[in-house]
Amino acid sequence: MSMSIFGKLRLSFLGTVHELLNKMIDLNSPAAIEQYLRDLEHAIEQVMDSNAQQVGVVNGFVRVVNGLNGRKETLRAAAKSVLSNDDSSDDWKAKTYAAQIVDINKELATNEAAKTAATQALDGLKQALDGLKKKRSQMEAALKEIQATDSATKAQDNATAAPQTG
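If you want our numbering, it's the position in the sequence shown, counting the first as 1, plus 1323.
Keep in mind that the hints were calculated from the coordinates and are not lab data. Any given hint could turn out to be false.
Below, in silico cross-link-like pairs of lysine to aspartate or glutamate (EDC-like), each with a Cα-Cα straight-line distance of 20 Å or less [as the list claims (entries may be wrong)]:
#, residue 1, residue 2
1, Lys1457, Asp1362
2, Lys1456, Glu1396
3, Lys1416, Asp1446
4, Lys1429, Asp1413
5, Lys1418, Glu1435
6, Lys1403, Asp1413
7, Lys1395, Glu1368
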């Protein structure tokens, strides 16, 4: 179930990102570009928040996997110790340890798969964030260019409208 949640999360954010990136705007209107930049900033903040949450999810799975691996190694060492001592009356403990290791391996497989899915979702969020930041840079450059063109046009209009002496 957790894999489908991560898949849905990834799909949701990528859909939002693509919607913003594909939005049609009037590239000759500074006001439209400024609004688009505000929308991009909001989207960037949302993706950054989701990215931070997803980092926490991935780190949680890493901790669980590391803990399970540590527990498995402890059980292996205990089984080895029981089997290597001279007292055969406690050899049954090694079977108990082995059964626990089998259970841990199953739990490890589940958590490793969930960690992989969470990491893939995190990668998708990072790609979305990179795309949004790139689009923001492009739009900021376009806004500066339009503002410069507007200033030049206004200056030209003022020069043309000025009374000419001759």
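Verification of the supplied hints:
Annotation: proposed proximity of Lys1457 to Asp1362 holds, straight-line Cα distance about 14 Å (limit 20 Å). Our distance criterion of 20 Å between C-alpha atoms is broken by Lys1456 and Glu1396, whose separation comes to about 44 Å. Taken as a hint, the Lys1416 and Asp1446 pair is broken in the structure, with Cα atoms around 44 Å apart against an allowance of 20 Å. Restraint check: the Cα-Cα separation between Lys1429 and Asp1413 comes to about 26 Å, which exceeds 20 Å; the hinted pair is violated.
Among the hinted pairs, Lys1418 with Glu1435 is inconsistent with the structure: their alpha-carbon atoms are about 25 Å apart, more than 20 Å. A C-alpha spacing of about 12 Å is found between Lys1403 and Asp1413, which places the hinted pair at or below 20 Å, so the restraint holds. Distance restraint check for Lys1395 and Glu1368: the Cα-Cα separation of roughly 41 Å exceeds the 20 Å cut-off, and the hinted pair is therefore not satisfied.
Comparing the model with each earlier hint shows violations of hints 2, 3, 4, 5 and 7; every other hint is respected.
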